[in-house]
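Engineer: Plus 78 on top of the position in the sequence shown (first one is 1) and you've got my numbering.
One or more of the hints may lead you astray.
With a straight-line cut-off of 30 Å between C-alpha atoms, the simulated DSS-like cross-links for lysine-lysine are [stated by the list, open to error]:
id, residue 1, residue 2
1, K107, K178
2, K283, K318
3, K283, K214
4, K93, K323
5, K301, K325
6, K359, K283
Ranges of calculated distance between the beta carbons of each label pair, as one might list FRET restraints [stated by the list, open to error]:
id, residue 1, residue 2, range
7, F106, L237, 39 to 47 Å
8, K323, I242, 29 to 37 Å
9, I244, I109, 39 to 47 Å
10, D374, V160, 42 to 50 Å
11, I398, I242, 16 to 24 Å
12, W304, Y171, 44 to 52 Å
13, D368, P183, 25 to 33 Å
14, F344, E380, 28 to 36 Å
15, K323, W279, 40 to 48 Å
16, V99, L286, 39 to 47 Å
17, I185, D374, 51 to 59 Å
18, T319, P183, 45 to 53 Å
Simulated from the structure, these hints should not be mistaken for laboratory data.
If you're wondering where the values come from, they're calculated on a predicted model, not measured in any experiment.
No residue lacks a Cβ here, since even glycine has one placed at the ideal position from N, Cα and C.
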Amino acid sequence: MEVISKKQLLSPSIKYVGKGVEFAIIYFKNIILTILTLGLYYPWAKVEILKYHYQSTALDDSRFSFTGTGKEVFRGFIKVYVILILLYGFLFYALQTQNKALMFPAIAVFYLFLILVIPFAIHGAVRYRSSRSSWKGIHFKYLGDRAEFFWLYIKGILLTLITIGIYGAWFQVDIRKYIFSHLRFGNLSFDFRGDGGGLFWINLKMILLLYPTLGIYSFWYYKNLWKFYSENTIITQDGKTINFKLKIEAGDVFELVVVNFFLILFTLGIATPWVAVRTLKFFFRFLEIDGEFDTDSIQQAEYDDYDDAAGDDALDFFDIDLL
């Protein structure tokens, strides 16, 4: 183990320092190149955006880094889309034949594949993204087991279906707990201590109050949801627990959402990159690390050189965000 150093314990600051103009140049350049290359530039565009956001995020004034490459993401991109093209081709052929003996198995295989591939995609994406994320040369690492995560996911899907969606809150929390409990940053470990009942109550209040309040309650809903996820995430360093505090109110959420909406509306979407930067700055402005945290005593752990980005690309296809 390589020990960085030791100093008086303090609560470090975490902030986002990106600029709308800088990100807009990257954003619009990526759109143009992706269109001109008929989508082939997408992996490089994705990596460039990730690199910018990582490098614009600072812990104790030192920036994070994303070391993934467009080539890695492109290889995953090709794997995912070759499989999907074959599946769509098989489904299209079966539907064209109008042969029921072929149609129903083809439809079943198609949707079963889409359901079963998601846990593998999440596992692969978390492992790839963490292996390519670092701060001051210290890497993140994901230690989850693919088979174990798969069965956790399948159990959650089945229980959610059986309970007509009620178990969904517990399912989401179980997934987050598993990922965080197997995530490391050097010698730091993570955990998530929220419970499904808490998330269920947040969602239930939204269902009950959204329409009677003509949508106004949604600002309180997002405040509660974001605080639930942030404040139940913990870090452990040498047996000491570090918590997060998200000090926002419903009025802050209202200001964020309404201003973002009008920025996009009145600029016909041109302000999208400014809105993205503004939103990230919003979260980091209200997010605080609560507890003594010695960033200079973080120890480098064994590096996981995992370069398969197929899971990350698959999540893009399913429009699933990591955590």
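Engineer: For each hint, tell me whether it holds in the structure or not.
Structural biologist: For each hint, the structure was consulted:
A hinted pair counts as satisfied when its Cα atoms are at most 30 Å apart, and K107 with K178 does not qualify at roughly 48 Å. With a CA separation close to 35 Å, the supplied pair K283 and K318 exceeds the 30 Å bound. Taking the CA atoms of K283 and K214, the gap is near 42 Å; set against the 30 Å cutoff, the hint is violated. Only pairs whose Cα atoms come within 30 Å are accepted, and K93 paired with K323 is accepted, the gap being roughly 14 Å.
The suggested pairing of K301 with K325 holds, with an alpha-carbon distance near 9 Å, which does not exceed 30 Å. In summary, the hint linking K359 to K283 is supported, as the alpha carbons are separated by about 28 Å, within the 30 Å threshold. With their beta carbons about 44 Å apart, F106 and L237 fall inside the hinted range of 39 to 47 Å. Taking the beta carbon of each, K323 and I242 are about 35 Å apart, inside 29 to 37 Å as hinted.
Judged by the Cβ atoms, the range 39 to 47 Å given for I244 and I109 holds: they are separated by roughly 41 Å. Hint check: D374 to V160, Cβ distance near 46 Å, so the stated range 42 to 50 Å holds. Under the hint 16 to 24 Å, the C-beta atoms of I398 and I242, about 22 Å apart, fit the expected range. Between W304 and Y171 the C-beta distance comes to about 46 Å, which sits within the given range of 44 to 52 Å.
With their beta carbons about 54 Å apart, D368 and P183 fall outside the hinted range of 25 to 33 Å. Checking the proposed 28 to 36 Å range against F344 and E380 shows it is violated: the Cβ atoms sit about 51 Å from each other. Against the hinted window of 40 to 48 Å, the Cβ-Cβ separation of K323 and W279 comes to about 21 Å, which falls outside the hint. Checked against the hint of 39 to 47 Å, the pair V99 and L286 passes, with Cβ atoms roughly 43 Å apart.
Our hint of 51 to 59 Å for I185 and D374 holds, since their Cβ atoms are close to 57 Å apart. Checked against the given bound of 45 to 53 Å, the beta carbons of T319 and P183, roughly 52 Å apart, stay inside it.
Of the numbered hints stated above, those contradicted by the structure are hints 1, 2, 3, 13, 14 and 15, listed in ascending order.
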